[in-house]
Amino acid sequence: MIEIRFHGRGGQGAVVASKVLAVAFFHETLYVQSFPAFGVERRGAPVMAFLRVDRQPIHLRVNIYEPDHIVVLDPTLIGAVDVTAGLKQNGWILINSHQLPEAFSDLKGFRRATVDATSIAVRNGLGSRTSPIINTAILGAFSKVTGLVGIDSIALAIREELSGKKDENAKAAREAFQEVRF
Amino acid sequence: MKKVITGNQAVAYGVILSRVDVISAYPITPQTTIVEELSELTASGRMKTVFLKVESEHSAMAALIGASTGGVRCFTATSSHGLAYMHEMLHWASGARLPIVLVNVNRAIAPPWNIWSDQSDSLSQRDTGWVQLYCEHNQEVLDTVLQAYRIAESVKLPVMVVLDAYVLSHTSEPVEIPTAEEVDAFLPPYCPEYTIDTQEPMAFSTIATPDHFLEFRYKIQKAMEQVPEIAKKVNDEFRSRFNRGYGAIERYGKEEADILLMTSGTVTGTSRIVVEKLNRKGYDVCGLKIKRFRPFPVEEICKEIKGAKKVAIIDRNLSAGVGGIFAQELRASLYSREKRPQIFGFVSGLGGRDITPELIEEAIQYTVDHPQPEEEILWLGLKK
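Residue numbers (my numbering), protein chains in the order written: chain A, 4 to 185; chain B, 316 to 699.
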């Protein structure tokens, strides 16, 4: 079983990212379980979402305490929240940032990857400059870094799950796939 | 077609496929996205139903009582305080013998405020004359809604389908969605025996003096007693059509064991993993899932208990002064048996606290280590 935890801020679409990634894995004939950190979320407040993936039906019904990989949608969360809590050794931490992975020296000891999902979102017209929608772009980067799920499955899942700007979101994911640094 | 959907969406699919005629719901907190989905489907014309937005949960049930008396298939959904507010009308629905289906998302009752999973809301409605069915996963949620209408319309009693807040309601997982044709073949249109008809006037829910009231209640009890057989028939047919099904109870792990672990709702899923692990380690334990709470599956449970010496039961609910409610029902059902296993009644996970594999293992280990429980209520995961 693979367990993934998403960190974002309320309104950034961490829950949708988890769901879209779930559908991508589902298209690769895997069992999935995607859920938000159950709470009373507010816009801007730190939020989490979870994803389990397995070759067999998933019976486990608890939060993810020791994730295999972590996706951080907003780099300002690092330090504000313990994003690496429970992260397994050799786990990836994928961050939306214009900086190089080495810049996150506090996270040394983990495999780091960064992608400037904000710029990718802005140039594809997703959200606004102040409030870009980066939750689809970052999934393209996840596909490349972890190799766990194909970019075509991600693009297909984006088309199925999103109600608007399907092409732009899918394109953003493909660009992030190319541009991620690790 | 298989889709990755939440428990709330699974309910909505179940309702669409059941071709419900009238939905009535209070749309504000503690309402769930179930009715949000259904109102969107109705507004966009994809679902042909009358959607009534009412001013309270009490009115939601009252409106369905009217609609159901008029002879149509009805649905509502609610949660926690909403269900509590419906209480009076829940009695009315069963007393009037109306086959209404309600989905309740299990949430705690305040204070302190808490919106997380806890069975205390539905279990405090246990004496209202409703059949109660609890679900373990989203597939079971969809399927149980379909089965609920068959059961309700056969015995003329309302049915409550119950799912855990968040752990199912907001969790997305793959669910096989049957086609409308498949469901139509399983669930024919509702044909009521009596309805309001201006051509043939009748009195409904009139006064019954002490001369008659007892007999009305006797008939409700007799209808409840038919539920096990009818629910089994319905499930057998469902299984033959859809290749999946759910009994009132389900045993998993070993065929027979000294210790039986009893759970309901999503705790069962996690328990499956723990029981399998402990069986590999040589523990003599098997699991028992309880799907139907009302009528309580006494006979089915007694059959599965076999030679078990101890039953560990985990309740995500509390009747203050007594303990876990499933444990209480179990104790009552086993009393007349000659050989009674020791009951270890654990209370855990109230207000949505995770019931982790470690906690379940702790409960089993405690049961292994003690010839009898040291206390009537064993608090699992309590911070001291």
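If you're looking for bench data, these hints aren't it; they were derived computationally from the structure. Possibly wrong hints are sitting among the right ones.
Stated by the list, open to error - Derived lysine-lysine pairs resembling DSS-like cross-links, with alpha carbons at most 30 Å apart:
1) B/K317 with A/K168
2) B/K698 with A/K91
3) B/K537 with B/K592
4) B/K534 with B/K618
5) B/K317 with A/K147
6) B/K537 with B/K547
7) B/K471 with B/K569
8) B/K596 with A/K91
9) B/K318 with B/K547
10) B/K592 with B/K569
11) B/K621 with B/K654
12) B/K699 with B/K654
13) B/K618 with B/K548
14) B/K596 with B/K621
15) B/K318 with A/K168
16) B/K471 with A/K169
17) B/K624 with B/K592
18) B/K654 with B/K569
19) A/K169 with B/K654
20) B/K547 with B/K621
21) B/K317 with B/K537
22) B/K698 with B/K596
23) B/K317 with B/K363
24) B/K592 with A/K91
25) B/K534 with B/K547
26) B/K592 with B/K548
27) B/K318 with A/K147
Stated by the list, open to error - Which stretches of chain A does chain B cover? Using the computed rule of at least three CB atoms under 8 Å from a CB of chain B, they are:
28) 24-30
29) 44-50
30) 84-92
The structure presented is a predicted model; accordingly, all values stated were derived computationally and were not measured. All residues carry an ideal CB built from backbone N, CA and C; glycine is no exception.
Hints, verified against the model:
no., hint, in the structure
1, B/K317 with A/K168, "25 Å, holds"
2, B/K698 with A/K91, "27 Å, holds"
3, B/K537 with B/K592, "42 Å, violated"
4, B/K534 with B/K618, "27 Å, holds"
5, B/K317 with A/K147, "27 Å, holds"
6, B/K537 with B/K547, "17 Å, holds"
7, B/K471 with B/K569, "37 Å, violated"
8, B/K596 with A/K91, "25 Å, holds"
9, B/K318 with B/K547, "28 Å, holds"
10, B/K592 with B/K569, "12 Å, holds"
11, B/K621 with B/K654, "10 Å, holds"
12, B/K699 with B/K654, "36 Å, violated"
13, B/K618 with B/K548, "18 Å, holds"
14, B/K596 with B/K621, "22 Å, holds"
15, B/K318 with A/K168, "22 Å, holds"
16, B/K471 with A/K169, "48 Å, violated"
17, B/K624 with B/K592, "21 Å, holds"
18, B/K654 with B/K569, "21 Å, holds"
19, A/K169 with B/K654, "64 Å, violated"
20, B/K547 with B/K621, "21 Å, holds"
21, B/K317 with B/K537, "39 Å, violated"
22, B/K698 with B/K596, "29 Å, holds"
23, B/K317 with B/K363, "23 Å, holds"
24, B/K592 with A/K91, "22 Å, holds"
25, B/K534 with B/K547, "21 Å, holds"
26, B/K592 with B/K548, "34 Å, violated"
27, B/K318 with A/K147, "25 Å, holds"
28, 24-30, "holds (count 3)"
29, 44-50, "violated (count 0)"
30, 84-92, "violated (count 0)"
When held up to the earlier numbered hints, the structure conflicts with 3, 7, 12, 16, 19, 21, 26, 29 and 30 and fits the remainder.
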